[in-house]
Amino acid sequence: MNHPDGYNLRLYVAGQTPKSIAAIANLKKICEQHLDGRYEIEVIDLMKNPELAQRHQIVAIPTLIRQLPEPLKRIIGDLSNLEKVLVGLDIKPT
Amino acid sequence: MKSDRKANAAYRGLPVIEKSPTGIAGLDEITYGGLPKGRPTLLCGSAGCGKTLFSMTFLYNGAIQYDEPGIFIAFEERPEELVKNVGSLQYDVQKLIDEKKLAIDYVHIDPNQIDESGEYDLEGLFIRLGFAIDSLGAKRVVIDTVETLFGGLRNQLVLRSELRRLFEWLKEKGVTAIITAERGDGTLTRYGLEEYVADCVILLDNRVQDQLSTRRLRLVKYRGSAHGTNEYPFIIDEQGITVMPITSSGLAHDASLERVSSGIPDLDAMLEGKGYYKGASILVSGMPGSGKSTAAAHFANAICASGKRCIYFAMEESPQQIVRNMRSVGLDLDKWVDKKLLKFSARRPNLYGLETHLAAMHRDVRDFDPAGVVIDPMSALMGAGLAGDVHSMILRLVDFLKTRGITALFTNLGLGSAEETTTQMQVSSLMDTWLLLYNRESNGEHNRQLYVLKSRGMAHSNQIREFMLSSDGIKLREAYIGPAGVLTGSARLEQEAKDRAAEIERQQEIERRSRDVERKRREIAAQIENLQAQLANEELLSQQAVLRDDKFAADRVAMATSRQVQRSGSVAKSTGKARARSEKP
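For the record, the sequence lines run as chains Y and Z. Residues in the first sequence are numbered consecutively from 11, following the working numbering. Residues in the second sequence are numbered consecutively from 255, following the working numbering.
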């Protein structure tokens with residue numbers, strides 16, 4: 011957490027499904043374009059860590075959770091709708 | 255019957271649906287063994303009809319009785335809430351969780367926290383469930399209530415296809431699952447889940463009628479299995495869930511020749527001297543205060559005295575009150591309670607609906623296994639439902655008790671004449687023995703009377719007896735039958751007194767007459783004696799006269815002789831004088 015106002019994002023996927031791959035790609039693109047180094051992405055594969063699904067209340071896949079800044083936010087889907095992601099993550103276009 | 259069929263099918267190598275027992279009393283009978291093993295069952299019903307408790311019971315019993323661990327996926331309640339809620343059923347779920355026999359996974363979906371962007375699926379849920387099943391080796395799964403997802407996720411198309419996939423996946427996993435769903439308006443479930451879960455659908459219902467709610471269960475479908483199709487009442491209380499299968503298939507109960515004492519020797523005497531038939535249903539109807547409860551208590555007392563168990567369903571009085579009251583007629587019911595032969599089950603009739611009463615009685619009977627049952631009074635139940643319902647309930651109860659060979663005594667409060675309400679009439683046809691208790695008013699007092707209106711299969715007395723409560727129990731007196739009809743109470747006493755007086759009078763009359771006769775006899779005898787004495791006297795006198803005459807004649811001869819000897823001149827004169835002298839005395 012190098013950035014005081016930085017974004018800590020977790021993306022939950024389940025294996026290498028098209029949706030998962032798309033979600034990872036979309037997230038990276040959005041962050042690069044709009045957050046300019048103020049972010050950290052953690053991709054969690056539930057196929058490898060199934061116990062985390064319960065602990066982190068994951069139902070839909072893919073799920074993106076904004077850990078920081080508070081409050082916690084969730085976006086489900088492959089993040090193909092850019093505007094919704096920006097609104098959901100509270101990112102003002104730079 | 256079902257097991258025969260099953261055995262046959264298995265014998266012939268036909269595939270048979272395997273079943274997973276729920277351990278819920280009654281439900282396993284209706285389903286002939288339980289829910290379809292390894293398949294999902296849809297449990298639907300409106301809010302508050304017991305879906306969650308029902309499914310938790312399924313898991314709890316599975317873990318405890320059948321060694322099948324279970325997973326509870328809760329969409330609506332948190333685990334700690336769930337544990338607490340079912341604690342009221344005395345389920346120690348926490349212990350099972352600690353022993354890894356049960357796990358609760360709370361799936362929280364807050365639509366306000368979730369935004370959607372692009373395509374998704376519910377793989378996360380599958381992973382959670384799969385992980386939980388594998389880590390516990392679970393055989394049973396409950397998903398309560400999956401429809402919450404419809405409120406949390408917007409993409410209904412995805413949701414539907416994912417649910418379909420979920421149910422298929424559950425089947426593949428081979429777990430026996432219950433999926434609960436809210437009742438829809440005019441449909442089984444609000445979101446049409448019955449389309450996906452097609453193997454077994456159970457509908458729970460909580461209907462309120464006359465401010466009384468009754469829980470009912472119906473098996474809407476059960477693919478590949480015979481099942482009961484009726485609505486079955488069930489109860490949820492501190493002893494868990496009990497479903498009551500209502501009617502046995504036919505009138506197949508055994509007719510016993512064994513007799514059961516009514517507890518009243520005089521009444522037994524009216525029933526061929528032996529009492530009721532074992533397994534019979536007895537109706538005791540009468541007006542308030544005619545002694546119905548007392549007759550019922552005598553019956554219960556007799557059952558217990560013979561060393562058998564009896565349940566007394568008290569609808570209007572508390573057990574303590576009954577025990578106290580019966581002490582006044584010399585019955586010590588407390589003794590039997592202490593010996594665990596007598597069980598009081600007191601419930602207010604309006605505590606719950608008819609069906610629930612029925613189910614509760616059913617369970618009590620099943621648990622206690624009595625030889626006799628008293629329902630006092632049956633009429634109290636009339637307030638708990640419509641007449642038709644009451645009739646069908648009594649029918650089921652009678653049927654159930656008969657099948658078990660339990661002698662049952664129902665008391666019924668009826669005002670006025672015997673042929674009373676239609677309900678009483680309907681019910682009476684179910685009864686084998688019907689005792690009528692009257693409370694007749696005459697001469698400014700009420701007197702109790704008893705009459706055996708009918709008693710199937712025995713030559714019972716046709717007499718009306720006077721029914722007396724004494725400190726020594728019930729006594730039946732021969733009623734006085736006189737020219738003025740049947741007399742009871744003081745009228746009988748008066749009549750008897752009158753009769754006694756008349757009898758005494760008659761006795762006295764007889765005595766008086768016989769005394770008269772005796773006196774007359776004595777009088778006549780005395781007269782006879784008197785006359786005889788007179789006669790004797792006469793005879794004596796006449797004998798004396800004869801003797802005197804003889805003597806006189808002899809004297810005259812002697813005198814004549816002497817005169818001839820003297821021979822002086824005046825023979826004729828002296829002769830005349832002498833005769834006159836001799837005749838004078």
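The set of hints was computed from the structure by calculation and includes no laboratory data. No experiment lies behind these values; they were computed from the predicted model shown. Where a beta carbon is used, it is the ideal one built from N, C-alpha and C, also for glycine. Mixed in with the good hints there might be a few duds.
Listed below are the simulated BS3-like cross-link pairs for lysine-lysine, each with C-alpha atoms no more than 25 Å apart in a straight line [what the hints assert, rightly or not]: (1) Y:LYS58 x Y:LYS29; (2) Y:LYS58 x Y:LYS94; (3) Z:LYS354 x Y:LYS39; (4) Y:LYS38 x Z:LYS425; (5) Z:LYS594 x Z:LYS427; (6) Z:LYS291 x Y:LYS58.
Label pairs and their calculated CB-CB ranges [as the list claims (entries may be wrong)]: (7) Y:GLU80 x Z:GLY302: 33 to 39 Å; (8) Z:GLY428 x Y:ASN18: 39 to 45 Å; (9) Y:VAL53 x Z:GLN463: 56 to 62 Å; (10) Z:ARG477 x Y:VAL53: 51 to 57 Å; (11) Y:MET57 x Z:GLU353: 46 to 52 Å; (12) Y:VAL53 x Z:ASP364: 19 to 25 Å; (13) Y:ASN18 x Z:TYR320: 22 to 28 Å; (14) Y:GLU80 x Z:ASN604: 53 to 59 Å; (15) Y:MET57 x Z:ASN604: 57 to 63 Å; (16) Z:ASP623 x Y:MET57: 51 to 57 Å; (17) Y:PRO79 x Z:PRO365: 54 to 60 Å; (18) Y:PRO79 x Z:GLY302: 24 to 30 Å; (19) Y:ASN18 x Z:HIS481: 38 to 44 Å.
Right, here's what the structure says about each hint:
no.	hint	verdict
1	Y:LYS58 x Y:LYS29	holds (17 Å)
2	Y:LYS58 x Y:LYS94	violated (29 Å)
3	Z:LYS354 x Y:LYS39	violated (44 Å)
4	Y:LYS38 x Z:LYS425	violated (38 Å)
5	Z:LYS594 x Z:LYS427	violated (48 Å)
6	Z:LYS291 x Y:LYS58	violated (30 Å)
7	Y:GLU80 x Z:GLY302: 33 to 39 Å	holds (37 Å)
8	Z:GLY428 x Y:ASN18: 39 to 45 Å	holds (41 Å)
9	Y:VAL53 x Z:GLN463: 56 to 62 Å	holds (58 Å)
10	Z:ARG477 x Y:VAL53: 51 to 57 Å	violated (43 Å)
11	Y:MET57 x Z:GLU353: 46 to 52 Å	violated (29 Å)
12	Y:VAL53 x Z:ASP364: 19 to 25 Å	holds (23 Å)
13	Y:ASN18 x Z:TYR320: 22 to 28 Å	violated (46 Å)
14	Y:GLU80 x Z:ASN604: 53 to 59 Å	holds (55 Å)
15	Y:MET57 x Z:ASN604: 57 to 63 Å	holds (58 Å)
16	Z:ASP623 x Y:MET57: 51 to 57 Å	holds (55 Å)
17	Y:PRO79 x Z:PRO365: 54 to 60 Å	violated (22 Å)
18	Y:PRO79 x Z:GLY302: 24 to 30 Å	violated (41 Å)
19	Y:ASN18 x Z:HIS481: 38 to 44 Å	violated (55 Å)
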